[in-house]
Amino acid sequence: MLSSAPPRKTWWKSKAVKVTRSYPTFSSLNAWEEFRGLLPVDGEPTPGVGLGVEEGLLCQMVHSPEFNLFPDSVVFESNFVQVKKDRNWINIYKASYTMALGVTSSVPCLPLPNILLMARVKWHRGQSQTWNRPSPAPNIILKRILPLKFVELQVCDQLQRILRLRTVTEKIYYLRLHSDHPETVFHFWIRLVQILQKGLSITTKDPRILITHCLVPKSSCSVSGDSKLVQKKPQASQPSESLLQLMAKGES
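Count the sequence shown with the numbering used here and you get residues 2 to 253, in order.
Be careful, since some hints might not be right.
[As the list claims (entries may be wrong)] Taking lysine-lysine pairs in the DSBU-like style, the calculated list, with each CA pair at most 35 Å apart, reads:
no., residue 1, residue 2
1, LYS95, LYS144
2, LYS172, LYS123
3, LYS150, LYS85
4, LYS144, LYS86
5, LYS172, LYS95
6, LYS123, LYS85
7, LYS86, LYS199
8, LYS123, LYS86
9, LYS85, LYS95
10, LYS86, LYS150
11, LYS123, LYS150
12, LYS150, LYS199
13, LYS95, LYS123
14, LYS123, LYS144
Honestly, the hints are just simulated from the structure, not real lab data.
Kindly produce the complete structure, drawing on both the sequences and the hints.
Put into structure tokens, the structure is as follows:
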């Protein structure tokens with residue numbers, strides 16, 4: 002006899018996803034020197050998790066069964082507040098709303114991120130936004146998934162920690178990094194903006210894979226010859242190489 006189990010709701014009919022995992026309290030890292038040589042220990046969160054840029058709200062949402070997007074790729078993300086310029090920068094939405102902004106790779110082997118993620122986060126009334134409370138979890142709604150080649154990302158106001166994001170449809174966002182993020186996190190975003198604008202001379206994570214094109218437009222970059230992508234079995238989760246590269250660049 003067939004069971005009368007109710008049909009499962011498809012992911013595109015369920016835009017709001019509740020995230021069960023919470024953020025740890027941010028550490029007080031405010032300079033590159035404070036986490037030189039900092040390596041993860043078994044059973045302890047990586048530096049990226051402690052800074053709130055890895056395994057966050059966006060990562061949990063896109064890797065959830067409702068979406069199941071880019072399951073083998075690391076998501077670099079931060080929480081922002083959408084602002085506009087009057088005489089001074091002012092918040093557009095109430096304090097209970099924030100914007101989660103992140104980048105990831107459609108394929109884990111790519112040397113640079115090529116996908117931008119944006120999500121609206123609604124916090125419950127009276128809920129702390131320091132991401133150190135297990136419940137109730139905030140509601141997060143995915144707003145945009147865009148190829149990074151169709152996005153212009155700039156540092157608008159470094160002192161106020163504000164980014165300017167322009168999409169291919171000429172929609173412009175001014176995003177201020179949430180005050181709970183340490184200064185180090187904004188240095189990561191500055192470095193990311195530089196990489197997206199000028200490119201970065203690095204190899205792929207798998208030496209057997211040859212990339213025949215530049216992920217970031219650059220006049221001096223040209224690769225000749227035919228190559229074939231070689232598939233590789235996904236490895237166990239490790240600290241984000243992109244985050245370690247940003248750290249290493251900041252030290253130099």
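Going down the list of hints, with the structure as the test:
1. LYS95 <-> LYS144: holds, 18 Å
2. LYS172 <-> LYS123: holds, 22 Å
3. LYS150 <-> LYS85: holds, 25 Å
4. LYS144 <-> LYS86: Holds, at roughly 23 Å.
5. LYS172 <-> LYS95: Between LYS172 and LYS95 the Cα gap is close to 21 Å, so the pair holds against 35 Å.
6. LYS123 <-> LYS85: holds, 19 Å
7. LYS86 <-> LYS199: holds, 28 Å
8. LYS123 <-> LYS86: Cα-Cα ~23 Å, so holds.
9. LYS85 <-> LYS95: holds, 13 Å
10. LYS86 <-> LYS150: The hint holds at about 26 Å.
11. LYS123 <-> LYS150: Roughly 28 Å separates the two Cα atoms, so the pair holds.
12. LYS150 <-> LYS199: Given that 35 Å is the threshold and the Cα spacing comes to 13 Å, the pair holds.
13. LYS95 <-> LYS123: Holds, because 10 Å separates the two Cα atoms, which is no more than 35 Å.
14. LYS123 <-> LYS144: Holds: LYS123 and LYS144 sit about 13 Å apart, inside 35 Å.
The structure fails none of the hints (numbered hints given earlier).
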